[in-house]
Amino acid sequence: EKPELDALVCSIGKLCNLKHLQFNGPGTEIHSQMGSLSNPFQHIEELKVLVLNFRRVPTWMGGLHCLRILSLRVEETSTDEVRLLGELPSLVKLIFIPSHIPKERAILGTGLFPVLEYFHFWPKEDAMAYLGFEMGAMPNLRTLSLNSGEWGGSVPIGMEHLLCLQKIRPYRDLNHDATMVSAFRDALSLHPNHPSVE
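Just so you know, the sequence shown maps onto residues 1 to 198 in full-length UniProt numbering.
One should not assume that every hint holds.
[Stated by the list, open to error] As a list, the in silico DSS-like pairs of lysine-lysine whose alpha-carbon atoms are at most 25 Å apart:
id, residue 1, residue 2
1, K167, K93
2, K93, K124
3, K48, K19
4, K124, K19
5, K167, K48
6, K48, K14
7, K124, K167
8, K48, K124
9, K48, K93
[As the list claims (entries may be wrong)] Estimated spans, in silico, between C-beta atoms of each pair:
id, residue 1, residue 2, range
10, H43, D6, 21 to 27 Å
11, G136, D173, 31 to 37 Å
12, D173, Y130, 45 to 51 Å
13, E76, N39, 18 to 24 Å
14, P3, S154, 41 to 47 Å
15, L15, G62, 18 to 24 Å
16, E76, H43, 24 to 30 Å
Source of the hints: derived by calculation from the structure; they are not laboratory data.
This structure is a prediction, so every number in the text was calculated from the model and none was measured.
C-beta: ideal position from N, C-alpha, C; glycine also.
Construct all of the structure, not just a fragment, from the sequences and the given hints.
Laid out in structure tokens, this is it:
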């Protein structure tokens, strides 16, 4: 890791009243310095750090109670780490890009993401087969954007529980796939809110 980036992250971590932080530029390799900060950014509202690649979801993110917008890239995640993000009380927009998620049923449970309105989920692997939503999860979600590097034909279960859903955008490697769009339209045909599939 570059010493300059480490020094920058260390300095930024000391800015107690920081409300907005965004890193721009080409993506970096895994960066551990940012992940090991101790309770930084207690007042932050917007954190866009897609150019930094974290090993896991940093535990300090669970204390960001003012956070409204988060863009995050991680090497690996777990159900517990997704729950940590889901318990953030002010989060309305989440862009989440995990390179690897465990091959287990990834259920987004009741009460998680209480005010989230926009969710973009972009795993490098095909996560559609084991992604699901329980009744009461994401109760205010309006837009669901799902991008999968690979796709085996499945759609997430429980989308009918996303009662405020207005729009879903399924992508395969950031491209529209007619078969994928058709599968999502079929799955959402009985959704009480009749969301559009784009």
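Task: Straight-line alpha-carbon gap K48 to K19, limit 25 Å - done: 11 Å, holds
- [ ] Determine whether the Cβ-Cβ distance between E76 and H43 falls within the hinted range of 24 to 30 Å.
- [x] Given a distance of about 29 Å, which is inside 24 to 30 Å, the answer is holds.
Open item on the list: Taking 21 to 27 Å as the stated bounds, is the beta-carbon spacing between H43 and D6 within them?
Closed with: Because 23 Å falls inside the window, the suggested range holds.
- [ ] Could you check the hint for me, namely that P3 and S154 are 41 to 47 Å apart, CB to CB?
- [x] The hint (41 to 47 Å, Cβ to Cβ) holds, given that P3 and S154 are roughly 45 Å apart.
Open item on the list: Would the hint linking K48 and K124 be met if the CA-CA limit is 25 Å?
Closed with: 19 Å, holds
Open item on the list: Holds or violated: K167 and K93, Cα atoms, limit 25 Å.
Closed with: With Cα atoms ~14 Å apart, K167 and K93 stay inside 25 Å; holds.
- [ ] Could you say whether the range 45 to 51 Å given as a hint is met by the Cβ separation of D173 and Y130?
- [x] 19 Å, violated
Open item on the list: Check whether the Cα positions of K124 and K19 lie no farther apart than 25 Å.
Closed with: 30 Å, violated
Task: Restraint status (C-alpha distance of K93 to K124 at most 25 Å) - done: Holds, because 20 Å separates the two Cα atoms, which is no more than 25 Å.
Open item on the list: Checking one constraint from the list: CA of K48 to CA of K93, max 25 Å. Satisfied?
Closed with: 11 Å, holds
Open item on the list: Check whether the Cα positions of K124 and K167 lie no farther apart than 25 Å.
Closed with: Satisfied, since the Cα-Cα distance of roughly 22 Å is no more than 25 Å.
Open item on the list: If I claimed the Cβ atoms of E76 and N39 lie 18 to 24 Å apart, would that claim hold in this structure?
Closed with: 23 Å, holds
Hint check: violations occur at hints 4, 12; the rest are consistent with the structure.
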